[in-house]
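Read off the chains here:
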Amino acid sequence: MAKMHTPAMEKIERKNAKRKKPRQITPSYEAWKRFRRNPTALVGLIIVAVLILIAIFAPLIAPYNYQSQDYAAMMQKPSAAHLFGTDQFGRDIFSRCIYGARYSLLIAVFCTLAALFSGGLLGIIAGYFGGKVDTIIMRIMDIFQAIPMIMMAMCIVAVLGNGIPQLVAAIMFASMPTMARNNRAAILRVRGNDYIESSEAIGCSKFQLIMKHMIPNAAGIMVIFFVGFLAVSIMMMSSMSYIGVGLAAPTPEWGLILNDGKSYLTSAPYMMFFPALMIMITCFAFNLMGDGLRDAFDPKMN
Amino acid sequence: MGERILDIKDLVIHYETDEEVVEAVNKINLSLEKGEILGLVGETGAGKTTTALGIMRLLPPKVGHVIQGNIFFEGKDLMECSEKDMRSIRGKKISMIFQDPMTALNPVKTVGDQIAEVVELHDNCSKAEALKRAQEMLAMVGIVPERYKEYPHQFSGGMKQRIVIAIALACEPDLLIADEPTTALDVTIQAQILDMMRKLQKEKGTSMILITHDLGVVAEMCDHCAVMYAGEIVEYGTTEQVFDNPKHPYTKALYQSIPSLDKEVERLHVIPGMVCDPSNLPSGCSFCERCTEKRAACAEHDPWIVNVEAGHYAKCFQYTPEWEADKDE
Amino acid sequence: MSENLLEVKNLKKYFSTPHGMLHAVDNVTFNIEKGKTIGIVGESGCGKSTLGKTLMRLHEPTSGEVLYNGVDIASMPLKKFKKEYRSHIQMIFQDPYASLDPRMDVLQLIEEPIKVNDKKLSKKEVEDKAKEMMELVGLAKRLETAYPHELDGGRRQRIGIARALSLNPSFIVCDEPVSALDVSIQAQILNLLMDLQEQRGLTYMFITHDMSVVKHISDDIAVMYLGQMIEKCPADEIFRDTIHPYSQALLSAIPIPDVHAKHERMVLKGELTSPINPKPCCRFAKRCPYATDRCRQEEPKLREMRPNHLVACHYAEKFVK
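Protein chains in written order, with my numbering: chain U, 1 to 302; chain B, 303 to 631; chain P, 632 to 952.
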């Protein structure tokens with residue numbers, strides 16, 4: 001066949017010539033390639049990266065200490081000196097929002113990890129063993145799930161008290177049923193594959209099947225849950241702080257800043273606007289990233 | 303000579319992604335007469351389905367491109383039709399049956415409704431008439447017409463495939479493209495479906511393109527047969543010609559590699575090597591690497607299609623006068 | 632007559648479904664001689680795969696015996712079976728696209744069974760053994776680090792064969808190993824399987840729906856219909872002298888790649904009998920053109936019509952040529 005030459009082929013040939021060595025095509029690399037091609041997912045990733053940088057370098061970025069009160073500059077509207085304005089104690093809201101990223105992101109990661117491990121473990125056990133074990137675990141989870149998440153979290157905080165560990169525990173327990181359910185579904189999907197049976201046939205033990213085949217293959221889906229759940233955690237944490245059962249003042253947590261501003265909603269709406277905006281952007285970015293990851297790991301799911 | 307219903311000229315189809323260009327169909331020429339059944343044979347990746355999708359203009363958007371060529375259907379070039387024209391041709395004039403009957407039906411609609419939908423869309427008739435037609439179609443494919451109110455999951459695999467065929471034939475198309483219509487089915491069911499298709503073809507005079515990798519099916523069903531390899535038609539002729547007197551080395555090798563029911567063979571013949579990478583085709587003959595009859599020229603030049611005998615073509619240098627001359631040297 | 636490697640006696644596997652007991656494998660009895668191949672043919676849903684998986688103890692048998700070298704492996708505790716007999720009986724799976732973990736490369740895939748079954752081996756020894764297996768099944772060395780999705784069907788199936796063979800089994804259940812492959816690749820894999828059988832004295836149970844493949848590779852052929860074995864005979868006999876009406880219909884349905892072959896086709900009509908709680912009757916009666924009231928009321932038993940040729944049909948005598 002005489003070779004056809006089209007513009008697209010020439011472009012690719014040029015690109016291939018530039019590339020040094022063909023990269024090992026692992027399944028993860030394929031997923032990354034798909035992720036990279038998805039512009040909205042990249043936007044999500046960039047926003048998340050910026051937020052993480054902000055959290056790390058908060059002391060360098062924030063112009064003021066987040067708790068220093070400046071009585072000469074109370075309730076100031078946003079200006080060059082105070083980008084997001086100041087609150088009733090004269091604290092710089094911009095600085096508080098910047099430090100807030102530290103708390104919000106870090107706690108969200110802890111909550112999600114805790115939920116993923118506890119719920120994930122239950123889900124994997126239920127999904128793999130099936131039968132009675134599955135029924136018992138999942139019915140307990142159903143009971144948990146019948147209580148609204150936020151109510152559940154509030155009850156736990158009411159019993160354990162305020163504070164970061166308590167908050168993490170509360171969110172973990174509240175989100176465990178969903179996590180267990182999702183992970184069970186992920187394991188069931190992987191379990192139906194022939195390669196599990198094939199590995200069973202060559203003599204793998206149950207533990208080896210789970211650790212070597214099921215978890216690595218379900219990992220993609222689990223990452224999607226993880227990222228998606230970060231947004232949920234941030235929302236929950238902020239809501240709890242807002243209604244006063246989350247972290248205690250004066251921690252610069254976004255929900256708390258929101259809470260501070262609520263009495264001044266009519267006179268100084270900016271006090272609520274900026275922290276709310278931060279929460280929104282963060283959740284939005286995580287969701288974009290989560291959707292992108294879903295498309296990347298699981299092109300068939302759409 | 304009958305009237306030509308389909309004429310494909312120099313069709314080239316590429317799949318273009320960010321990474322590579324897959325040359326799926328390379329300059330194929332094919333024609334089909336009215337009322338004829340043409341078998342399109344070849345292995346996975348030979349470009350059979352791509353050709354069919356190209357005719358239907360249903361190539362995956364953004365990725366699949368018709369680079370050049372014309373497809374004349376009843377004298378009209380399909381490549382120049384607007385999308386709107388195509389929609390009125392698809393289903394009405396040309397129908398396609400896909401390989402997997404399980405995914406081609408809508409699970410939440412009754413089968414009667416699904417057949418009636420096509421009729422309504424193309425024939426401008428009332429719902430009642432369309433449903434009546436749907437029942438006729440079911441009867442024609444051998445399903446009790448009273449079952450038109452049932453849902454796809456209530457039917458077995460073979461019956462689902464018959465329903466798919468009923469949908470494809472509801473508007474009495476002039477051309478039916480069947481892409482591996484029986485591959486997913488058991489042999490006894492396959493026999494039923496093939497019987498039915500042959501009967502329909504006799505009664506309605508439908509022209510068909512039957513895509514398959516099963517040479518047995520081709521032998522039983524087809525008038526003409528085209529063998530595809532790496533996006534090219536390497537051999538074309540009447541089924542008798544191609545089966546009794548295969549000319550292209552690939553076709554010959556293919557016959558030898560199937561275990562036979564009536565002959566005793568110790569070891570199966572194997573075609574050495576693998577199908578060449580369609581994103582990186584050689585400049586010479588694409589079968590050259592696996593060919594047992596090749597010569598130096600084969601790797602350098604791409605052979606052209608040679609008329610071996612009346613109506614029998616093979617894409618191989620062996621049948622050119624130069625080949626004999628070369629041997630003498 | 633050489634000795635039997637495997638004797639299956641009245642093996643049953645029922646699955647419980649919401650509608651009742653599904654008789655996937657029902658009272659199947661047969662023997663396989665050492666070094667021979669038995670072909671199991673039948674249409675989808677006839678229980679041929681379940682039979683294979685039950686022998687492997689991937690499904691627990693409902694009842695019956697499976698004697699492997701005289702030891703009943705069907706009733707022993709699963710733990711004991713896994714420890715002592717797992718490596719003797721191996722399986723090659725149907726779909727080479729689905730039966731390999733997509734996250735492992737070729738070497739890892741072949742190393743896995745070796746590692747799992749002999750924990751004492753050093754890393755080097757495992758790797759050497761895996762490389763040896765790759766060579767045996769004809770996988771090029773450069774493919775060691777490739778992932779299954781980069782390979783074609785034939786090579787993937789070679790990985791499957793290497794995985795099964797790496798444990799030095801004596802009996803291999805081949806569950807439709809070539810039905811997902813193209814004709815030219817199919818021939819390569821069939822030849823490989825036959826070569827390996829010769830070199831290593833393997834015994835195969837070859838499950839397929841493709842009659843020409845099964846005839847090529849098998850010594851004996853058993854035809855299954857809805858969980859039961861309805862005919863068993865030497866491979867060359869089934870094509871010349873089929874007795875059971877279902878086997879006849881099955882054979883006549885195969886399209887033959889020869890334009891001049893004109894054969895009478897027996898097109899089956901009627902619905903399949905449900906395998907859930909079947910009544911005692913011939914399960915083929917509903918589709919059988921010769922069925923009588925006796926067929927609908929009484930279950931036929933396997934009878935020896937000729938030496939080594941067993942048929943389960945009340946009127947087998949009528950069909951003997």
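Since the hints were derived computationally from the structure, they do not count as laboratory data. Source: prediction; values computed, not measured. A couple of the hints might just be wrong.
Said to hold, decoys possible - The calculated lysine to any residue pairs, modelled on SDA-like cross-linking and capped at a C-alpha distance of 20 Å, are:
| # | chain 1 | residue 1 | chain 2 | residue 2 |
| --- | --- | --- | --- | --- |
| 1 | P | Lys-772 | U | Thr-26 |
| 2 | U | Lys-33 | B | Gly-459 |
| 3 | U | Lys-212 | P | Arg-734 |
| 4 | U | Lys-33 | B | Lys-565 |
| 5 | P | Lys-900 | B | Gly-459 |
| 6 | P | Lys-751 | U | Ser-205 |
| 7 | P | Lys-711 | U | Glu-200 |
| 8 | B | Lys-565 | P | Thr-648 |
| 9 | U | Lys-212 | P | Lys-772 |
Checking each numbered hint in turn, tell me which of them this model violates, lowest number first. 2, 4, 8 and 9
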